[in-house]
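Participant: The residues making up each chain are set out below.
Number of protein chains: 4
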Amino acid sequence: MQRIPVGLVGVAGYTGMELCRLLAAHPELELVRVTSRTEAGKTLGQILPHLHETGLAELVVTAPDTQDLAQACKLVFLAVPHGTAMDLAADLLRKNVRVVDLSADFRLRDPETYSQWYNLDHRHVSLLEQAVYGLPELYGKEIAGANLVANPGCYPTSVLLALAPALHHELVNPEDILVDSKSGATGAGRKPSTATLFCEVQDNFRAYSLGRHRHTPEMEQEIGVLSGQQVQLSFTPHLLPIGRGILSTIYARLKTTASSEEVHALYRDYYAQSPVSARWVRIQTPGVWPETRFVRGTMYCDLGLLVDQRTKRLLIVSVIDNLCRGASGQALANANLMLGLAPDMGLPVAPMVP
Amino acid sequence: MQRIPVGLVGVAGYTGMELCRLLAAHPELELVRVTSRTEAGKTLGQILPHLHETGLAELVVTAPDTQDLAQACKLVFLAVPHGTAMDLAADLLRKNVRVVDLSADFRLRDPETYSQWYNLDHRHVSLLEQAVYGLPELYGKEIAGANLVANPGCYPTSVLLALAPALHHELVNPEDILVDSKSGATGAGRKPSTATLFCEVQDNFRAYSLGRHRHTPEMEQEIGVLSGQQVQLSFTPHLLPIGRGILSTIYARLKTTASSEEVHALYRDYYAQSPVSARWVRIQTPGVWPETRFVRGTMYCDLGLLVDQRTKRLLIVSVIDNLCRGASGQALANANLMLGLAPDMGLPVAPMVP
Amino acid sequence: MQRIPVGLVGVAGYTGMELCRLLAAHPELELVRVTSRTEAGKTLGQILPHLHETGLAELVVTAPDTQDLAQACKLVFLAVPHGTAMDLAADLLRKNVRVVDLSADFRLRDPETYSQWYNLDHRHVSLLEQAVYGLPELYGKEIAGANLVANPGCYPTSVLLALAPALHHELVNPEDILVDSKSGATGAGRKPSTATLFCEVQDNFRAYSLGRHRHTPEMEQEIGVLSGQQVQLSFTPHLLPIGRGILSTIYARLKTTASSEEVHALYRDYYAQSPVSARWVRIQTPGVWPETRFVRGTMYCDLGLLVDQRTKRLLIVSVIDNLCRGASGQALANANLMLGLAPDMGLPVAPMVP
Amino acid sequence: MQRIPVGLVGVAGYTGMELCRLLAAHPELELVRVTSRTEAGKTLGQILPHLHETGLAELVVTAPDTQDLAQACKLVFLAVPHGTAMDLAADLLRKNVRVVDLSADFRLRDPETYSQWYNLDHRHVSLLEQAVYGLPELYGKEIAGANLVANPGCYPTSVLLALAPALHHELVNPEDILVDSKSGATGAGRKPSTATLFCEVQDNFRAYSLGRHRHTPEMEQEIGVLSGQQVQLSFTPHLLPIGRGILSTIYARLKTTASSEEVHALYRDYYAQSPVSARWVRIQTPGVWPETRFVRGTMYCDLGLLVDQRTKRLLIVSVIDNLCRGASGQALANANLMLGLAPDMGLPVAPMVP
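Chains as they are written, first to last, in the UniProt record's numbering: chain E, 1 to 354; chain G, 1 to 354; chain W, 1 to 354; chain C, 1 to 354.
Hints should not be assumed to be uniformly reliable.
If chains are identical, the list can't say which one is meant, so a pair holds when it fits in one copy or spans any two.
As the list claims (entries may be wrong) - Pairs of lysine to aspartate or glutamate residues, derived as DMTMM-like cross-links and limited to a Cα-Cα distance of at most 20 Å, are as follows:
#1 95 with 110
#2 74 with 30
#3 312 with 262
#4 312 with 175
#5 255 with 176
#6 312 with 220
#7 191 with 137
#8 95 with 65
Everything labelled a hint here was simulated from the structure, so no lab data went into it.
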């Protein structure tokens with residue numbers, strides 16, 4: 001039986017590599033094009049020796065060419081930097097190819113916010129309306145009908161899934177939310193730099209981009225949608241000496257007198273009614289706090305909740321695998337939805353622990 | 001459709017956890033019993049929170065009971081220490097259940113060698129003849145007909161797959177082989193001890209059990225079978241500050257004038273004719289040296305080869321995932337073979353890199 | 001010349017080991033007694049092979065005996081668990097030996113708070129008044145005259161040094177402070193447990209003790225002293241896959257309109273007027289954010305500051321080495337002060353980077 | 001009192017950083033010049049924020065200028081790549097400045113071997129005779145009188161100290177020695193590259209430069225001197241996911257019937273008679289195997305020995321800190337000797353464990 005042909009622009013980075021891992025085992029999608037400006041001409045097995053002798057090994061890397069991609073593929077994943085992605089997306093959409101964009105180019109509805117935070121004017125403003133924010137639990141129906149999906153940022157994925165039920169039920173004050181996030185180093189990409197060398201990251205921990213990380217407006221936008229009001233979010237990202245994984249510790253001022261049990265129940269019910277059939281958001285048992293390894297290699301978002309009566313805050317600990325749920329796995333789930341497949345098709349069932 | 005019921009004795013250790021990961025996604029086997037003396041009464045989701053809300057979460061852990069296991073299961077995996085496994089195996093076999101034993105109890109054909117290296121008399125000597133050494137590429141046919149499979153040790157798996165073609169073709173002198181192996185810390189098990197605390201292992205590296213590691217006679221036995229002569233092997237294991245992975249660097253005195261290209265070809269051909277259809281042993285392209293991550297989470301054994309004319313030695317670098325190929329994945333492959341299923345059923349296709 | 005004899009109760013844990021490292025190079029203090037219930041009879045070189053053939057190697061470990069300690073030592077460091085330390089301290093003080101207690105037993109002024117958070121009644125309430133909280137920059141003069149110093153907790157050290165200038169100058173609202181801290185695994189001690197095994201900590205990250213960590217009342221007490229009002233602090237600790245190091249990210253609601261430059265200046269001035277001559281608190285250049293490695297092996301506390309106009313919060317990033325500044329190094333600095341020596345005598349000058 | 005002025009060419013790499021750490025605490029040497037082509041004009045505190053507010057912080061980085069270095073310094077450390085170092089050394093020697101060269105440029109006595117392994121013709125052959133190989137235990141007297149010291153490679157340091165007593169006493173056959181070494185990633189330098197990114201090194205292990213590492217001829221040269229015969233060495237380096245540390249596992253064919261106890265005694269005696277008064281080589285107690293952390297931050301070389309009667313081999317495990325003993329610490333010890341100071345002046349006493 002014929003599988004659906006898909007393409008991947010930008011195979012040499014970590015999100016590209018993760019998509020290869022997932023597509024290698026997908027029963028209905030076939031990766032027929034992989035592109036990379038720097039690696040064109042080599043086979044995938046040559047540039048990624050861990051794929052040697054797998055089904056993807058002989059696929060030849062090409063230079064990105066939208067004409068060729070459009071002829072060969074029904075859907076294309078863009079795993080290239082913001083600024084580069086928007087033109088490719090526009091071009092592919094014009095040629096009737098569906099696009100899942102892993103960059104930030106179509107996440108912000110407001111082009112002015114985009115230019116302010118990314119120091120770049122948006123060149124395809126008309127597409128912003130058409131783009132669907134690819135968080136399946138919140139926008140599952142819209143994704144199913146979309147031609148262009150803006151795959152969410154890794155930090156926003158971990159934060160929005162954690163806050164959605166609380167905001168929906170008005171358990172917390174949206175104006176007093178504070179997010180302290182910690183990410184594994186795959187989030188920093190595969191481009192060589194001194195700051196991401198092994199000897200600079202291992203046995204070390206640091207904060208970065210304080211007060212100015214680009215995922216801030218993305219979270220503010222979606223918290224705004226969920227709460228119906230504009231908010232200013234305190235968000236601080238940190239760099240963990242691990243490969244995969246994001247843990248966000250979220251502090252929100254309580255507006256409710258609901259007990260911890262009631263809050264747990266509201267969270268469980270919220271996700272039981274999610275438009276996607278997959279049950280990726282797991283509310284952990286009270287007293288069990290999510291760890292990044294609990295979700296390694298999967299689409300799970302594990303949440304731990306505490307109603308802290310002492311400080312009148314709701315504490316939420318949220319973990320995802322930044323490469324899988326925070327990028328390529330979510331992109332594949334979105335592709336599944338766009339192509340009418342089961343949302344969790346080709347996605348790992350059990351996390352890799354240890 | 002009914003899946004084949006299987007059981008797992010010893011779920012709380014790392015090999016038990018890895019079997020759960022793999023069985024959670026297996027299309028034809030159903031895990032119906034998991035046992036642990038210390039955790040009996042809890043659900044699997046309670047003792048392993050990363051399995052919360054997966055298909056295995058509600059399975060209740062029981063105390064090991066061969067009567068119950070025999071009634072419920074067609075095949076049982078033993079993931080308990082040597083010494084404990086042999087009695088359970090004997091009991092289960094008597095009750096007509098097939099057994100894959102992950103311990104060392106049935107690996108050595110000679111009970112005297114067993115008692116000498118394990119300081120323990122073997123209580124089921126008669127079963128030693130019946131047991132098949134579970135290395136699929138070497139004993140695939142015998143495994144398919146076995147009731148009792150002795151799953152190989154992690155170090156021997158990495159070493160024997162690396163040496164088999166060279167010994168078969170008499171490329172090297174079996175009396176002058178030296179193995180320097182390095183293993184991730186999952187190989188040390190999950191029992192609490194000062195020596196395996198995070199702060200003792202991280203940012204550190206050490207050798208251990210010099211001149212007396214228990215996998216030595218196992219390798220000597222199988223090298224003896226492959227070469228037709230008795231050998232003494234120099235084997236030194238080391239503890240790596242990583243979770244999964246074994247890399248063995250093997251030095252063997254050359255007996256051949258074959259070129260590097262010819263040796264690569266002989267290796268490729270040897271495994272192309274393996275009795276199992278799965279192609280898990282990958283001869284990497286000359287110049288590409290295997291890294292432990294290339295095989296993470298999979299059954300692959302990657303080999304790098306160098307005919308070193310300067311020192312007249314064949315150098316082999318061999319990597320496996322010690323938990324998957326070196327233990328639970330290989331156990332599952334053996335179970336597949338014993339039950340007439342495709343050998344690679346339920347085993348991951350692509351390694352998790354990064 | 002005779003050096004001053006000191007003793008160490010509890011040499012086998014990480015704080016004991018760190019004190020040995022520092023005392024091995026101290027020009028004026030001589031370690032003459034080391035005790036450990038479990039290791040008594042062995043030499044220090046035997047139980048800590050990294051000290052083999054150093055000046056401390058031949059020191060014989062004894063069982064703790066206050067009579068013997070009092071005869072041999074002028075000052076004793078207690079590196080034993082809370083609950084055990086208080087009786088030893090009382091006994092040693094009675095015998096006219098000065099004590100630096102690294103446990104929590106004398107940190108809280110209020111015995112009721114102690115029993116509430118530590119589930120233990122304090123057996124030496126009268127000593128609480130006498131004990132000085134051993135944070136040299138805040139209590140340098142009192143420490144110099146003390147017989148009993150309560151060495152601060154590691155988290156409180158990182159947090160109080162970060163907040164003292166802001167509270168002193170009333171830059172922030174003491175009732176809206178939130179502390180998100182991350183600690184290396186040495187903070188969890190050296191006692192074997194599954195949760196601190198290498199394979200459970202590496203490539204992983206988690207929060208713990210949410211809403212109920214025992215360092216919370218210690219910080220609330222000292223913030224109370226600094227601000228003149230009782231406060232409730234939101235404090236969440238996390239476990240980092242590194243050995244040494246704490247990074248605290250602190251969010252405090254601004255009460256001032258001071259610019260970022262002014263705040264930096266106030267911080268620098270505050271510590272320039274510290275009662276101890278050592279200059280351990282370093283205000284990093286704006287834009288340079290402290291990393292845990294910047295202070296590895298030393299007494300430094302590095303601070304990064306941001307006046308975040310968007311969210312009206314003061315953001316402070318504070319790093320210390322939890323074993324040196326957060327425990328044994330600070331204990332040694334306190335001993336130096338108590339014995340009339342220069343506060344930084346025997347303490348490393350430059351951090352170990354990389 | 002005036003300290004002796006010294007300079008450092010190449011401050012931005014890891015060996016330069018390590019020299020800064022050590023010189024910051026040296027009582028008799030004063031670092032008065034640090035150079036870096038890329039960082040000239042900034043202060044040391046700016047490019048290395050962990051030195052912020054230390055005594056070295058205000059030192060301004062200059063572009064390398066031998067005229068200026070010669071005027072300001074009595075001795076200069078060269079921490080630049082091979083090929084670059086030789087011209088600087090020649091120039092400085094001409095200007096009567098002593099030189100400790102941390103590169104490989106003056107380690108090999110034979111210029112042809114140099115050009116063969118380094119693909120570069122030596123431009124200062126006449127200096128090769130004058131250069132002393134800076135391994136203090138073997139060449140302590142020559143170093144004391146030298147103007148040019150070739151600081152040994154990190155791997156050779158760990159291997160030669162391990163083999164010297166065995167070769168001196170003819171315990172082993174110099175023609176059948178095999179060295180399997182593992183190094184921390186600081187050995188790979190600080191230049192950005194994909195292969196040394198955190199996400200490529202962590203949770204991974206690999207061999208590299210099989211059969212062709214440039215430290216091979218250096219070891220062969222010195223083994224030749226020690227044994228009086230030309231040898232071919234099997235040497236395989238590997239990359240460890242740790243910062244500092246080398247562990248070499250050495251296998252040598254026994255020529256002696258000496259017992260393990262006798263071999264231990266011969267080793268201890270050999271180093272007791274070393275020309276340097278410092279006792280850096282520690283023969284660990286039989287049964288205690290050296291770990292890389294045992295020597296972290298120090299000049300120690302710890303050795304573990306086993307006479308393996310089964311395989312007729314002497315097994316030696318040797319560990320050093322590749323940055324301290326294997327590079328900058330050894331360079332400082334050599335400088336101490338050249339300047340008539342105690343060899344261990346300014347070098348740490350106790351390793352940093354944990």
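Participant: Now tell me, hint by hint, if it's right for this structure.
Facilitator: Each hint, compared with the structure:
1. 95 with 110: neither (25 Å within a copy, 66 Å between copies)
2. 74 with 30: within (10 Å within a copy, 36 Å between copies)
3. 312 with 262: within (16 Å within a copy, 32 Å between copies)
4. 312 with 175: both (15 Å within a copy, 12 Å between copies)
5. 255 with 176: Answer is both; intra-copy 11 Å and inter-copy 16 Å each pass.
6. 312 with 220: Answer is between; shortest inter-copy Cα gap is 16 Å, intra-copy 22 Å.
7. 191 with 137: Neither: 32 Å inside a chain and 39 Å across chains, both beyond 20 Å.
8. 95 with 65: within (12 Å within a copy, 60 Å between copies)
Going through the hint list in order, the structure does not satisfy hints 1, 7.
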